[in-house]
Structure formats: C-alpha cells, structure tokens
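> Given the coordinates of chain A, work out where chains B, C, D, E, F and G should sit on it, guided by the hints.
Protein chains in written order, with UniProt numbering: chain A, 1 to 94; chain B, 1 to 94; chain C, 1 to 94; chain D, 1 to 94; chain E, 1 to 94; chain F, 1 to 94; chain G, 1 to 94.
Watch out, some of these pointers could steer you wrong.
Only pairs whose alpha carbons sit at most 25 Å apart, straight line, appear in this in silico SDA-like list of lysine to any residue [what the hints assert, rightly or not]: (1) B:K68 with C:V93; (2) D:K85 with C:V93; (3) A:K85 with E:E80; (4) A:K68 with B:E94; (5) B:K68 with B:E94; (6) G:K85 with F:V13; (7) B:K3 with A:S72; (8) B:K3 with A:G51; (9) E:K68 with A:V74; (10) B:K75 with A:V58; (11) D:K85 with C:T79; (12) E:K3 with G:Q35; (13) E:K3 with E:G78; (14) F:K85 with D:A54; (15) G:K38 with F:E67; (16) F:K68 with G:R46; (17) B:K3 with A:D88; (18) F:K85 with G:Q35; (19) E:K85 with A:V47; (20) C:K85 with D:Q14; (21) G:K75 with F:R53; (22) C:K75 with B:K3; (23) G:K85 with F:E44; (24) B:K85 with C:A54; (25) F:K3 with F:Y69; (26) E:K68 with A:A70; (27) F:K68 with F:G51; (28) G:K85 with F:V58; (29) A:K85 with B:I92; (30) C:K3 with B:I92; (31) E:K3 with G:A41; (32) G:K85 with G:A41.
Which stretches of chain A does chain B cover? Using the computed rule of at least three CB atoms under 8 Å from a CB of chain B, they are [as the list claims (entries may be wrong)]: (33) 58 to 68; (34) 75 to 84.
Since the hints were made in silico from the structure, they are not lab data.
In this text the structure is predicted, and so the values were computed from the model without any measurement.
No residue lacks a Cβ here, since even glycine has one placed at the ideal position from N, Cα and C.
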Amino acid sequence: MLKPLGNRVLLEVQKVEETTASGLVLPDSAKEKPQTAKVIAVGEGRVLDNGQRAAVDVSVGDEVVFEKYAGSEVKYDGTEYLVVKDTDIIAIVE
Amino acid sequence: MLKPLGNRVLLEVQKVEETTASGLVLPDSAKEKPQTAKVIAVGEGRVLDNGQRAAVDVSVGDEVVFEKYAGSEVKYDGTEYLVVKDTDIIAIVE
Amino acid sequence: MLKPLGNRVLLEVQKVEETTASGLVLPDSAKEKPQTAKVIAVGEGRVLDNGQRAAVDVSVGDEVVFEKYAGSEVKYDGTEYLVVKDTDIIAIVE
Amino acid sequence: MLKPLGNRVLLEVQKVEETTASGLVLPDSAKEKPQTAKVIAVGEGRVLDNGQRAAVDVSVGDEVVFEKYAGSEVKYDGTEYLVVKDTDIIAIVE
Amino acid sequence: MLKPLGNRVLLEVQKVEETTASGLVLPDSAKEKPQTAKVIAVGEGRVLDNGQRAAVDVSVGDEVVFEKYAGSEVKYDGTEYLVVKDTDIIAIVE
Amino acid sequence: MLKPLGNRVLLEVQKVEETTASGLVLPDSAKEKPQTAKVIAVGEGRVLDNGQRAAVDVSVGDEVVFEKYAGSEVKYDGTEYLVVKDTDIIAIVE
Amino acid sequence: MLKPLGNRVLLEVQKVEETTASGLVLPDSAKEKPQTAKVIAVGEGRVLDNGQRAAVDVSVGDEVVFEKYAGSEVKYDGTEYLVVKDTDIIAIVE
Numbered sequence: 001m002l003k004p005l006g007n008r009v010l011l012e013v014q015k016v017e018e019t020t021a022s023g024l025v026l027p028d029s030a031k032e033k034p035q036t037a038k039v040i041a042v043g044e045g046r047v048l049d050n051g052q053r054a055a056v057d058v059s060v061g062d063e064v065v066f067e068k069y070a071g072s073e074v075k076y077d078g079t080e081y082l083v084v085k086d087t088d089i090i091a092i093v094e
Numbered sequence: 001m002l003k004p005l006g007n008r009v010l011l012e013v014q015k016v017e018e019t020t021a022s023g024l025v026l027p028d029s030a031k032e033k034p035q036t037a038k039v040i041a042v043g044e045g046r047v048l049d050n051g052q053r054a055a056v057d058v059s060v061g062d063e064v065v066f067e068k069y070a071g072s073e074v075k076y077d078g079t080e081y082l083v084v085k086d087t088d089i090i091a092i093v094e
Numbered sequence: 001m002l003k004p005l006g007n008r009v010l011l012e013v014q015k016v017e018e019t020t021a022s023g024l025v026l027p028d029s030a031k032e033k034p035q036t037a038k039v040i041a042v043g044e045g046r047v048l049d050n051g052q053r054a055a056v057d058v059s060v061g062d063e064v065v066f067e068k069y070a071g072s073e074v075k076y077d078g079t080e081y082l083v084v085k086d087t088d089i090i091a092i093v094e
Numbered sequence: 001m002l003k004p005l006g007n008r009v010l011l012e013v014q015k016v017e018e019t020t021a022s023g024l025v026l027p028d029s030a031k032e033k034p035q036t037a038k039v040i041a042v043g044e045g046r047v048l049d050n051g052q053r054a055a056v057d058v059s060v061g062d063e064v065v066f067e068k069y070a071g072s073e074v075k076y077d078g079t080e081y082l083v084v085k086d087t088d089i090i091a092i093v094e
Numbered sequence: 001m002l003k004p005l006g007n008r009v010l011l012e013v014q015k016v017e018e019t020t021a022s023g024l025v026l027p028d029s030a031k032e033k034p035q036t037a038k039v040i041a042v043g044e045g046r047v048l049d050n051g052q053r054a055a056v057d058v059s060v061g062d063e064v065v066f067e068k069y070a071g072s073e074v075k076y077d078g079t080e081y082l083v084v085k086d087t088d089i090i091a092i093v094e
Numbered sequence: 001m002l003k004p005l006g007n008r009v010l011l012e013v014q015k016v017e018e019t020t021a022s023g024l025v026l027p028d029s030a031k032e033k034p035q036t037a038k039v040i041a042v043g044e045g046r047v048l049d050n051g052q053r054a055a056v057d058v059s060v061g062d063e064v065v066f067e068k069y070a071g072s073e074v075k076y077d078g079t080e081y082l083v084v085k086d087t088d089i090i091a092i093v094e
Numbered sequence: 001m002l003k004p005l006g007n008r009v010l011l012e013v014q015k016v017e018e019t020t021a022s023g024l025v026l027p028d029s030a031k032e033k034p035q036t037a038k039v040i041a042v043g044e045g046r047v048l049d050n051g052q053r054a055a056v057d058v059s060v061g062d063e064v065v066f067e068k069y070a071g072s073e074v075k076y077d078g079t080e081y082l083v084v085k086d087t088d089i090i091a092i093v094e
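Next up, chain A with everything else stripped away, as it sits in the complex (with noise of 0.2 Å):
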C-alpha cells in the first residue's frame, strides 16, 4: 500500500458517472470534478520549527471535502488515488 509522508493525505475519489441519464458517455473534460473523497491513509504531519509535528486533522475512513484541482494523482495496484497535503482539506462530512 502507498504511505503518504508528512502532511500529506491519501485519498480515494468517489467515481463520478461517465455515461448522462440518456446514455451519453461523457469526454473527460465534460465531467465535474468530485470534491469529495475516502481519506485511504494519513501521513504523520509537518514538523514544526520546535521539532514537534502537528498531526493531521483527518483519520483513515473520514469522507472529505478538498480544494479543487490540489494535490497529485497517483496509480497504484490499478487505482487512482490522489494525494493532497491536510491543508487542501476543506472539511469533513460527519
């Protein structure tokens, strides 16, 4: 599995449809990004200028709400996940 290091958070964006309710399949660029996503895994957090780190503020499983267009895509094991750093993270949906 992929350990995301630092501040970073690793996530799983929920599949958007590909196909419109009358069956037209949609070129990627017509598709709405998803702001929304599973946190997969969590780095330890940034360390401070006092050598302590701040932890991040998300857990493994919470659904998050992150800037558009943040963060780096990568493929692992045949999924797409996204990495983006906890200051990306807008907010939990609780």
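Chains B, C, D, E, F and G only, in chain A's frame:
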C-alpha cells in the same frame, strides 16, 4: 454536516434577490455579490509554531462580513456553503 | 455595530468635497482620495507565534493617516466604512 | 503633530533647488530626488515574534539617508512629510 | 558514492521501456515519465530554527513515489540518479 | 561620516580604469563593474526574532567581494559609496 | 585567499575540455557546464533565529555536486572560483 478544518469557517451566505423590483430575472453576473454571512461551523484553529492552536475569533451563529471572492464554495445536502479562512473574515456584525 | 477581527481597524473616512470652489460637481475619479480617517473600532490584535496577541497601536476616536488604496470598503447601516489592517495605518494625528 | 506607528519614521525631506544656476525653472521630473532627510518623529518599533518591540535605530533630529522611492508622502499642516519604514533608512549622517 | 546533503534524497529511478509492444522505439518525449524510484542514500535532514535537525522520513531501500519534475538529475559512475528534497517525496510504497 | 543601519555595510568601491591600454577612453557601459570594495563602516546587525542582534561578519578595513548590482549608491562629501546588506557580501579577501 | 561569508562555500570548478576528440575547438555555449567542484573554503554558516549558527555540511577538500547555474563567479589571483550557498550543494562525492 460539514466540519471545517484548521482555521476554516463554514458560512451560509445570505440569499440575494434574483428578481429586481420590476420583476426582471437577473442573470448571475448582474447580482452584487453579498458580503455578509452566518457562521455555521468553525474549525479548531491553525497550529502555531509552538504547537498550540490559535482559536478562531468567530462563533457559530455570528453574522460576519468577509473579503469578497475569498473561500471555496461547497454544496452539501442541497445547500450552498462558503468555506473561508478566519483571516478572510473582516468583522462581526453585533 | 461592526467589530473588526484580528489586527483590523474600522475607519470612518472623512467626507471629501464633491463640489469645487466654482460649484462644479466632480465625477468620482477627479476627487483626491482622502487619507485621514477616524478610528471607530479596533480588533484584538494578531496572534503571535508564541500564542500572545500583539495589541493594535490605535484607539477608538484616534484620527489616523493610512496607506492609499489599503483595506476593504464595507457599508453598514447606511454608512460607508473602511476596514484596514493596523500595518496599513501610517500615523496618528495628535 | 503626526505620530508614526510601528517601525515607521516621519521624515522632513530637504528642499531641492527648483531653479538651476542659469535661473531656469525646472519641471518636476528634471529634479534629482533628494535622498537625505531630517527625522521628525519615530515609531515605537515593530513587534517581534516573542512579543517584544525592536526599537527603531534612529532618533528625532538625526539626518538620514533613505532608499529612493521608499515610503508614503503625507501632507500635514501645510508641510510635506515622508513616512518610511526603518528598514528603508540606509544610514545616519554623523 | 554520492552522499546527499540536508533534506535531500538520492533516488535511482526505475527504467522505462524504450520500445513499445509492437517493437517501435519511442522518442524521449513519448515515454511516460516514471514516478517511482528506489532510495539509494538519504541526507541528515534540514536544520530547524531551534538548531535541531528534522530527520528525513524515508530510508535506504524504500520504494517511493515523488512529485513529477522535482529534483536534479545527476550522473555518477555511469548511472543516472535523481536528487530530490524530502518534501518532494509523496509516499512510500509498502 | 555615514553610519550604516542594521545589517548594512558602507563600502568604498575601488576605482576602475577609464582608459584602455591603447589610451582609448571607455564609455560607462563598456567598463566591467568592479566587484571588490573596502569596508568603511559597519551597522550593528539585524535584530533576530529573539530580540538579539546578529553581528555583521565583516570589519572596517576589510577588502570584500560583493554581489554585482547589490546595494544603493550614496554620494557623501564628494565621495561615492555603496551601501550593501551583509548578505550581499560574498567573501573577504585575506 | 578568499574567505566566504555565512553559509557560502568557495568552489574550484573542474576544467572542461575545450577541444573535442576530433580537435575542434568548442565555443563557450557548446560546452556542457560542469556540475562537480572541489571545496576550497567554507563560511561559518548562517545565523539561526535563536542566534546560533548552522554549520555548513561540507569541508575543505570535499568534491561536491552543485545545482546548475547556482552561485556567483569570482576571479581571484588569476583563478576562477564559484561561490555558492550551502543549500545549492546537492551531494558530496565520496
């Protein structure tokens, strides 16, 4: 519900009239962007370099004025919210 | 009333003559932007990295000179205010 | 009088000859901008991250050399002043 | 051997196929840039403002995913290496 | 004399030949800008975030090499000086 | 000799062949810029915010790899040197 992270604040922006006095429906760009909103949820505050958190200066229920164009729009359960950083909140309306 | 946050200061900018000596009404861009204002309300100050607050150096009632073009204009209860950061205030008129 | 805030310094810039030796009146852009000024008032210094203030290194009455184009021009009681940050003062003339 | 400095990490990037299934030799720009690499050597970490070092979160032998286009390519003893900062390493493949 | 402030250093730049070996007078842009200078005066150093001063690493009389184009030219008492920040001084010539 | 200041390091860059195997003299831009150099002198390190110095991680005599285009070229006593900051040194060749 949405729980904002760090120094983020979840706002419900006040509705803007979509119809002028004369009954004319306004297109999106013709409406003046509202600047006041109600605080729905508040993050725990950003982590300082000494490891402490700086509490956010607004509370749930406050009516606030915020910087135009700040924040990210998030739709949840049919309602549009705005998530801004506490530094983008200018003042509390008392 | 409006309560400014952090190191923000609420200012009431002094009226500028909208008519020249000869009685000519000036369009907006021809008026010299005023630089002095009266302090209406003061935030509690920004949070330092050690968790303390740095108090704002001006008090309610002070007449101040501020950097041109600084701050956000806010309309409240029919009055136009300007909210600036304390670092945008140049001097107090004593 | 004007009391500068933080690490700001109020300067009275020395008059520049507006007439050349031959009696020609110079337009504004032809005059060489003066770089020396007399210190009229001094702020209390900027607040450091430990909450202390870093005192400003110049005193009232000092003649100083400052960075060209630094600061804000402020007119007060018929006199033109320049308010610069202490970091824009290059040297004291002793 | 090369000993990376500070928070730098020496990586050996995994070979990319230069021939397609049909035997076609690919020009350089047509190959998808690999994102995984093996850690060959690790620096001692960057110096924090309190004088301590923040240890690098990866170890020799780790397989890592790194930000595309990060780092400097270095040729040593006939082998091409990539030297990246630890902040450019996204995750460890476990 | 001029007393530089903070981490500034007052330099007297060494004269550059204005005539080539063949006696040709060089126009200003054709002369190679000198990079070495003599230290005339030294500021007390910049104030650190803990309130202490970081002493400047050069002394009066040192011959130094400095970054091209750094600093401000100041004319005083008929002599042209250059005031640079200590971070723009590359090395001392010993 | 030259004594570099702060976190600067004085390097002697290794000579690059100016003639190809076929004897062709190469113009300057056709030569591949060397990336390895020998450390000639080392500064005392930059001053941290707590007033201490962070020692430079290389020693006189080390062979180092450095970021392309980093540093300032300095000619001294007929020899061309390069002065780089320690953060521009990628690795030591051991």
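> All hints, please: hold or fail.
Hints versus structure:
no., hint, result
1, B:K68 with C:V93, "violated, 31 Å"
2, D:K85 with C:V93, "holds, 18 Å"
3, A:K85 with E:E80, "violated, 30 Å"
4, A:K68 with B:E94, "violated, 34 Å"
5, B:K68 with B:E94, "holds, 20 Å"
6, G:K85 with F:V13, "holds, 24 Å"
7, B:K3 with A:S72, "holds, 24 Å"
8, B:K3 with A:G51, "violated, 28 Å"
9, E:K68 with A:V74, "holds, 10 Å"
10, B:K75 with A:V58, "holds, 20 Å"
11, D:K85 with C:T79, "violated, 33 Å"
12, E:K3 with G:Q35, "holds, 15 Å"
13, E:K3 with E:G78, "holds, 16 Å"
14, F:K85 with D:A54, "holds, 19 Å"
15, G:K38 with F:E67, "holds, 22 Å"
16, F:K68 with G:R46, "holds, 21 Å"
17, B:K3 with A:D88, "holds, 14 Å"
18, F:K85 with G:Q35, "violated, 29 Å"
19, E:K85 with A:V47, "holds, 15 Å"
20, C:K85 with D:Q14, "violated, 31 Å"
21, G:K75 with F:R53, "violated, 33 Å"
22, C:K75 with B:K3, "violated, 30 Å"
23, G:K85 with F:E44, "holds, 24 Å"
24, B:K85 with C:A54, "holds, 20 Å"
25, F:K3 with F:Y69, "holds, 21 Å"
26, E:K68 with A:A70, "holds, 14 Å"
27, F:K68 with F:G51, "violated, 31 Å"
28, G:K85 with F:V58, "holds, 18 Å"
29, A:K85 with B:I92, "violated, 30 Å"
30, C:K3 with B:I92, "holds, 5 Å"
31, E:K3 with G:A41, "holds, 19 Å"
32, G:K85 with G:A41, "holds, 12 Å"
33, 58 to 68, "holds (count 4)"
34, 75 to 84, "violated (count 0)"
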